[in-house]
Amino acid sequence: MNEQRKRRLARNLIVIWTTCVIGFLYIPMVAVVLASFSKQRYFQFPIAAWTMRWYEKASTSLSVRDLLWTSLTVALLVTIFSVILAFFGALAFARYEWSGRKLYQRLVLLPIFFPQAVLGLALLLWFSSLGIIPSWQTAVFAHMVWIVPIVILIISIQVYSFDPALEEAAFDLGATRLQVLREITLPILSPGIVSGGLFAFLLSWGNFPLSMFTTGADQTVPEWLYAKMVSGYTPMVPTLGSLTMGSAAIMLLVGYFGWLAIRYKTAQIKVKSAD
Amino acid sequence: MATGNKSSIWRINPGRLAAIPASVFLLIGFAGPLAMVIGYSFMPAHTFSLLQVPSLENYVSVVADSYYISFFWSLFLASTAVVILFLVCYPMAYGMAKIFGPWANLVTALIILPLLISENIRLFGWVLILLKNGILDGSLKYLFDVSASGLLYTVPSIVLGLVYVYLPFMLFPLVSGISMVPESLKDAASDLGASRWEIFWEVELPLSMPGIMIGGILTFILSLGSLAEAKILGGQAVVMIADDIESAFTFAQNWPKGSVLSVMLIGLSGVVVFLLFRRIDLDQIIGRR
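Chains D and F, in that order, give the protein sequences.
As numbered in numbering that gives the first Met the number 0, the first sequence has no gaps in its residue numbers, which increase by one up to the final residue, 274.
As numbered in numbering that gives the first Met the number 0, the second sequence has no gaps in its residue numbers, which increase by one up to the final residue, 288.
Chain F on its own, in the form it takes in the complex (with noise of 0.2 angstroms):
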């Protein structure tokens, strides 16, 4: 080849080639940081450097001080948003698949253009609307005379944010999923006599698992760790673990307790990535034509 060298390079492993950039950025964009946080978190507490003796104490005094308890709260929430957000996206993600036809692009669009906006700006509006004399409060006294002040700051008020926020991660894995159920399946069912209960329980729930488990997952780990939703509408009600780890950080200055808690935090999610990653092929649900 009159290339040469250059060719031949290009010519072994485009595709080693092409991970290059990207693993090198994330190897120190990602993996640095995180390898640092897990370093920090073996640390004495309230040092700023990596270089004392390595001890366990950290892990002992976040067990032993009352961090369970806004582990309890993410956990408690991320659930419940997770169950509230499969409650109301299955229906509309079957429409989408199964139903609506051209009209799917039209609502996958409308669903995809808030998430281009703040988050922040948009729990603002959900403030906006419940506050006190907001415009709840203020349409229902105009209208009817009645209050609903005192909605605002609660824990249902966090979870409406958390639900609000991470619906499209529900959503989207969730019409994939369904749409990987072929219909002659359900026809096949329905001719060998099951109801329609029992064609559901049997044939597409099963069939449609992968994506319910990627959007059951993806939206428990997200409102696990967020930040914004506990702050902006639960005021003072929760505090959720990202916002211990935040002041840890920042207030407190304390890096090691900080970071110890960021690795529960990860571990958390992360095993639970890990486990779902194991019984799913990335090809044929990101490349399903």
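Chain D with its partners taken away, still in its complex shape (with noise of 0.2 angstroms):
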């Protein structure tokens, strides 16, 4: 019966702990989301006075289009790309048996574990002594060596619960490469890519230390904010913080609910080729 309690209590604790633990991960958004509705131009609290003007501001101000443009499309352009590349990656990671597999998956990983601000700075030595001018070009470049990893990875755990005998199956049937790719591989391994998207865009759209040195004279939101964090507390702060936490809400769910379609397709497949 002691024992019994005592596990009880235990299991009581971890769950009060994981609570606070996740509170705690949630607490600092929450209080950039009450800071962008305080009225006063420098932050105190309880805060005073309410408004929506700083929203009203951002949403006329033409520099902060450009931000989120600029942020937009290197975050838009990493995706596709990166999806591309670790797609491919992914299959010589976890599908097929090949010597030199061991070397690939711990060298390929590398970048992952890499400081990224000495990343950015390697990167911007090595552009400027190739005579490329750093722009959100070169960013794209730059965020690429540091996601497409992450996303070979996303894409090796589905890559890994993929049955290889369904390819095998299509291609006693008569499949060519590319049927096989396009009605079987792509198909399966879907989930997989959709969530390393996810993670590409959203890993780029928040990703500081490496535009901080690659972008050159563009600028995207969070080297906006870092600076005027930097520089001095400014009521844009914490709206544009909010805007851009907002945005990324939005793209999880439109990605989650994606997901959960792709999901049902993949398994009608599954059922259809279980027939």
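Worth flagging that the hints you see were computed from the coordinates, not collected in a lab.
Hints are supplied without guarantee of correctness; some may be wrong.
The list that follows gives simulated cross-link-like pairs (lysine to aspartate or glutamate, EDC-like), each with its CA atoms no further than 20 angstroms apart [as the list claims (entries may be wrong)]: (1) F:185 - D:182; (2) D:5 - F:190; (3) D:5 - F:280; (4) D:101 - F:280; (5) D:5 - F:242; (6) D:227 - F:242; (7) D:264 - D:182; (8) D:5 - F:203.
Given two chains presented individually in distinct reference frames, assemble the corresponding complex, making use of the accompanying hints.
Following this line, the structure appears as structure tokens:
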């Protein structure tokens, strides 16, 4: 009896602890949203007067529009290129047996473990010695160096649970390489591809250390936020911060429902192939 | 075969073929810049070309200068953060692996979501909380008439930032490590008369070691090379090594010196990662179903 009570107590403590930690993760974001509605130019708590003024200002500001546009373009291009590279990268990582695979697995993951600020500076050095002037295009390249390995990892997790017999069966039935890729491999791996793409987009959208050194004269949202934070408080910081959080949340919802739809579809394919 | 050559290339080695695009990209985007930084670290100070006579001058001057202070701070802050992270994450990871059941998915989602928001914004949230007249100080003053100013721009606030930002990178490896421990072994140990503490110490901890090592090393390396935490939450309290590297490259315009510091940081992290990867089978950890 005593033993069981102890176990229940431990269980409850772990649940409470987990709730606290999750709260700890979200508190700062709530703080940012709160601050964006504060009327005062300098943040003070408790908030004396509330306003939507900073949002109105942000919606009409041309520089905010430029920032969002740059961030969006970079993130979209990073997503497209990363997913294409990582799709094949993940097949090599997890699907096929080949002699250099163990070495490849280790080397391809190295950039994830690399300090991003140093990677950004190294890339800046690399671009300028090659005579390339840094701009948002070079930032796309820089983000990919860090994001492609992450997407490879995410898609690989899907590839591991993929049954190669399905591909072989299609070959035996006379399908060509391209047909197998399009009809079997891609649909079955699509949940991994979608979540990889979503991660690629959001990690690029929020990236600061790499953008800081590789965007040249262009500026992304996180860079602008950092510059303002260091040089002094302006209410536009929490406002733009809240806006980017809101758009990320919308992206995630859309991604989640897209993923549900795709899962439904692949479930149908699996049912068909089981017949 | 009707398709001749092309199909025989595909058939020979699809794995190697699939590895080509990502490998070539990382060769240009990662190995190239890395090699260049290493090259620059042997060039004379304040030069902007790789075509000089190589020397060890920079390494000597970095050791002689006071850079060991920022290395020390980075190592100290990173180690502190790793220890705290382990203590914070272990019970939670245990819950996710063994107790929560279907709820573990929700917890996972709730922890991944903040990762997708720029680190800067989340750290700025802490600034608003810890600031003088900020959320914490302001509430305490309002409710209890006690002041808690002076929390921001201190060493503990940097550790808070590191723990906050890198928590998921400790948690998820721990979860996968702990779930690799078979329940049957614990039952067996218990049947043979082991106490709860002995089971933890002799069975659970050693068997979940791969996860603990990955989590510890990942968070250690990330903290070691971190830049934003010390700048946003630390103010001028402490200079970390990534900060020194940045100023060497930018303000001081001394590429060789920045390169030496980078090489030393990379070397330190590289040795740690290499030791880790030698002992661990990635297929087993990532592909575990």
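Evaluation of the provided hints:
| no. | hint | verdict |
| --- | --- | --- |
| 1 | F:185 - D:182 | 45 angstroms, violated |
| 2 | D:5 - F:190 | 18 angstroms, holds |
| 3 | D:5 - F:280 | 37 angstroms, violated |
| 4 | D:101 - F:280 | 9 angstroms, holds |
| 5 | D:5 - F:242 | 48 angstroms, violated |
| 6 | D:227 - F:242 | 18 angstroms, holds |
| 7 | D:264 - D:182 | 12 angstroms, holds |
| 8 | D:5 - F:203 | 19 angstroms, holds |
Figure legend: structure checked against the earlier numbered hints; hints not met, in rising order: 1, 3 and 5.
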